[in-house]
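Enquirer: Using the hints, position chain Y against chain W.
Number of protein chains: 2
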Amino acid sequence: MSKTVLVTGAEGLIGAYLSTALESRYTVRRLTRAPLPGLPTVVADITDMEAMEQACQGIDAIVHLAGSSAVESTWNDVLHNNIIGTYTVFEAAHRAGVQQIIFASSNHAVGGYEMEKAPDIYRRDHASLTQNTLPRPDSLYGVSKCFGESLGRFYADQHGMRVICLRIGTINREDSPTGASVAQMNPWLPSEALRYERARTTWQSKRDFAQMVERCLEATHVRFDIFYGISNNPHRFMDIEHARQVIGYSPLDSSSDAP
Amino acid sequence: MSKTVLVTGAEGLIGAYLSTALESRYTVRRLTRAPLPGLPTVVADITDMEAMEQACQGIDAIVHLAGSSAVESTWNDVLHNNIIGTYTVFEAAHRAGVQQIIFASSNHAVGGYEMEKAPDIYRRDHASLTQNTLPRPDSLYGVSKCFGESLGRFYADQHGMRVICLRIGTINREDSPTGASVAQMNPWLPSEALRYERARTTWQSKRDFAQMVERCLEATHVRFDIFYGISNNPHRFMDIEHARQVIGYSPLDSSSDAP
Numbered sequence: 000m001s002k003t004v005l006v007t008g009a010e011g012l013i014g015a016y017l018s019t020a021l022e023s024r025y026t027v028r029r030l031t032r033a034p035l036p037g038l039p040t041v042v043a044d045i046t047d048m049e050a051m052e053q054a055c056q057g058i059d060a061i062v063h064l065a066g067s068s069a070v071e072s073t074w075n076d077v078l079h080n081n082i083i084g085t086y087t088v089f090e091a092a093h094r095a096g097v098q099q100i101i102f103a104s105s106n107h108a109v110g111g112y113e114m115e116k117a118p119d120i121y122r123r124d125h126a127s128l129t130q131n132t133l134p135r136p137d138s139l140y141g142v143s144k145c146f147g148e149s150l151g152r153f154y155a156d157q158h159g160m161r162v163i164c165l166r167i168g169t170i171n172r173e174d175s176p177t178g179a180s181v182a183q184m185n186p187w188l189p190s191e192a193l194r195y196e197r198a199r200t201t202w203q204s205k206r207d208f209a210q211m212v213e214r215c216l217e218a219t220h221v222r223f224d225i226f227y228g229i230s231n232n233p234h235r236f237m238d239i240e241h242a243r244q245v246i247g248y249s250p251l252d253s254s255s256d257a258p
Numbered sequence: 000m001s002k003t004v005l006v007t008g009a010e011g012l013i014g015a016y017l018s019t020a021l022e023s024r025y026t027v028r029r030l031t032r033a034p035l036p037g038l039p040t041v042v043a044d045i046t047d048m049e050a051m052e053q054a055c056q057g058i059d060a061i062v063h064l065a066g067s068s069a070v071e072s073t074w075n076d077v078l079h080n081n082i083i084g085t086y087t088v089f090e091a092a093h094r095a096g097v098q099q100i101i102f103a104s105s106n107h108a109v110g111g112y113e114m115e116k117a118p119d120i121y122r123r124d125h126a127s128l129t130q131n132t133l134p135r136p137d138s139l140y141g142v143s144k145c146f147g148e149s150l151g152r153f154y155a156d157q158h159g160m161r162v163i164c165l166r167i168g169t170i171n172r173e174d175s176p177t178g179a180s181v182a183q184m185n186p187w188l189p190s191e192a193l194r195y196e197r198a199r200t201t202w203q204s205k206r207d208f209a210q211m212v213e214r215c216l217e218a219t220h221v222r223f224d225i226f227y228g229i230s231n232n233p234h235r236f237m238d239i240e241h242a243r244q245v246i247g248y249s250p251l252d253s254s255s256d257a258p
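Those protein sequences? They're chains W and Y, same order as listed.
Read in numbering that gives the first Met the number 0, the first sequence has 119 at position 120, and its numbers run on one by one without any break.
Read in numbering that gives the first Met the number 0, the second sequence has 239 at position 240, and its numbers run on one by one without any break.
Just chain W, with the same shape it has in the complex:
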């Protein structure tokens, strides 16, 4: 029997694509804050413990994408949506006996290294950031992702849950490293040209992301780990060899093939 997977934040850019992609292999339940027109969803606020315990009944694995996703998010937003929300998802999942959580972390959990070295870091062929890199968030958003990762480690150790944190790079609406939305991202970079250059090293195509999540869902041997969510890009400063070795991640796309 196929696994039942709950996707939180299923109304979002990544969640909507992923939910559909996973349906070829799994029974997917979309969790959203409000009803989606024409699609069956589980409607719940991720900070509501009772609703989340209910939503977790009969679930084998959760892909936890819900939360504030902007690097500029305020403290109040990340406190509520990412810290309290992520705690509630883990605790409700534990109470309901869910066996695995795949947590959408972010490159911004370690973005401090990049800020120190940009733009040189975009021009080297050395994946200096690995699963062993110490937390160094570049934002309160990044701090909230570090929080989620250490919480995940705790639930893995203490409660025997399988937890994988994905430090996602850049996934964008147009699904190419030069999509129009990239121009708006990472406003701390002083030019659009640099933002595109960054996106070429940090890009992950939607199908590569979906493949990575699938490989995680099948990785019953992994108790806890951290992988970087990027495609097979040149000049990448985030490592994907560890994901290749541990879960067999084999990205189909590269920003060098994109316009």
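Take these hints with a grain of salt, some might be off.
A pair counts as met if it fits within one copy or between any two copies, since identical chains are not told apart.
[Said to hold, decoys possible] Listed below are the simulated SDA-like cross-link pairs for lysine to any residue, each with C-alpha atoms no more than 20 Å apart in a straight line:
1. Lys116 with Asn80
2. Lys116 with Asp156
3. Lys2 with Ser180
4. Lys205 with Ile83
5. Lys2 with Glu22
6. Lys116 with Phe223
7. Lys116 with Gly159
8. Lys116 with Gln157
9. Lys116 with His158
10. Lys116 with Arg222
11. Lys116 with Asp256
12. Lys116 with Glu196
No wet-lab data here; the hints were simulated from the structure.
Expert: For chain Y alone, coordinates are given in the frame of chain W:
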């Protein structure tokens, strides 16, 4: 002119001792939640941004000890006192131009390694936990300390504040590794004998702790770092060589000299 140092949690076991010890060298302001009989204090709730901004006026450095200190603390306690409280302290300090925060982290930020290897880890002469050890909290309390560390890293990188995190071992009321209060600590260990054995490796005397904080206050060359707060104990699994090298920590006590 001597520095003005604000000690939060000055009513606590560590805070009361430290505040008095620092007075020989610094102007100390004690921050407490309620007035202390016979001692001038700044009364403020650390989660109250306005009160904390007020309390940070004219302060050069903060030693942030306030918060829930029990490893068994509930989520609601650590969320309020350690996560929201610590954020408020850092942000208020930044707004008021405070140059340094010394943050009372805990060995429980990396206690997952210990839980995996106890009691063998208490019987080896190898300091396997260093400043480069990845977060691995053993409790929600430990998760809140990992949060404070990554928040500190963010304020150091982003706002130029100097931040030092102290992963404190075991400081107890009787100021010896075999003090009566140790018997109550770390109830996950199955016997009192093991709790005492643990305390012999993780103990820090009050005066060694005060020395460590003083060395941190003088360490104007350190932008961000993590040190373990233990005395010169045998069989220690937490490193103190890094603290010796970077800030000249030179502990006067060892649990091998204690009864």
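Enquirer: Please work out whether the CA atoms of Lys116 and Gln157 approach to 20 Å or closer within one copy, between two copies, in both situations, or in neither?
Expert: between (37 Å within a copy, 14 Å between copies)
Enquirer: Can you give me the call for Lys116 and Gly159, within, between, both or neither, at a CA distance of at most 20 Å?
Expert: For Lys116 and Gly159, the Cα distance is within 20 Å only across copies (16 Å; inside one copy 38 Å).
Enquirer: Classify it for me, Lys2 with Ser180: is the Cα-Cα distance of at most 20 Å met within a copy, between copies, both or neither?
Expert: Intra 34 Å, inter 49 Å, cutoff 20 Å: neither.
Enquirer: Quick one: Lys116 to Asp156, C-alpha cut-off 20 Å, is that within a copy, between copies, both, or neither?
Expert: So Lys116 and Asp156 pass the 20 Å test across copies only (13 Å; inside, 34 Å).
Enquirer: Could you figure out if Lys116 and Glu196 sit no more than 20 Å apart (CA to CA) within one copy, between two copies, both or neither?
Expert: within (14 Å within a copy, 45 Å between copies)
Enquirer: Could you place Lys205 and Ile83 in one of the four classes (within, between, both, neither) given a Cα distance threshold of 20 Å?
Expert: Intra 28 Å, inter 35 Å, cutoff 20 Å: neither.
Enquirer: Within a copy, between copies, both or neither: where do Lys116 and Asp256 come within 20 Å Cα-Cα?
Expert: neither (26 Å within a copy, 48 Å between copies)
Enquirer: My question is about Lys116 and Asn80: at a cut-off of 20 Å on alpha-carbon distance, are they close within one copy, between copies, both, or neither?
Expert: Neither. Shortest intra-copy (30 Å) and inter-copy (35 Å) distances fail the 20 Å Cα cut-off.
Enquirer: When Cα atoms must be at most 20 Å apart, do Lys2 and Glu22 count as within-copy, between-copy, both, or neither?
Expert: Intra 10 Å, inter 62 Å, cutoff 20 Å: intra-copy only.
Enquirer: Quick one: Lys116 to His158, C-alpha cut-off 20 Å, is that within a copy, between copies, both, or neither?
Expert: Between copies, since 17 Å is at most 20 Å while 38 Å is not.
Enquirer: How would you label the pair Lys116, Phe223 (within, between, both, or neither) given a Cα cut-off of 20 Å?
Expert: For Lys116 and Phe223, only the inter-copy Cα distance (17 Å) is at most 20 Å; the intra-copy one is 29 Å.
Enquirer: Is the C-alpha distance from Lys116 to Arg222 at most 20 Å within one copy, between copies, in both cases, or in neither?
Expert: Between. Shortest inter-copy distance 17 Å satisfies the 20 Å Cα cut-off; intra-copy 33 Å does not.
When each numbered hint is compared with the structure, violations occur for hints 1, 3, 4 and 11.
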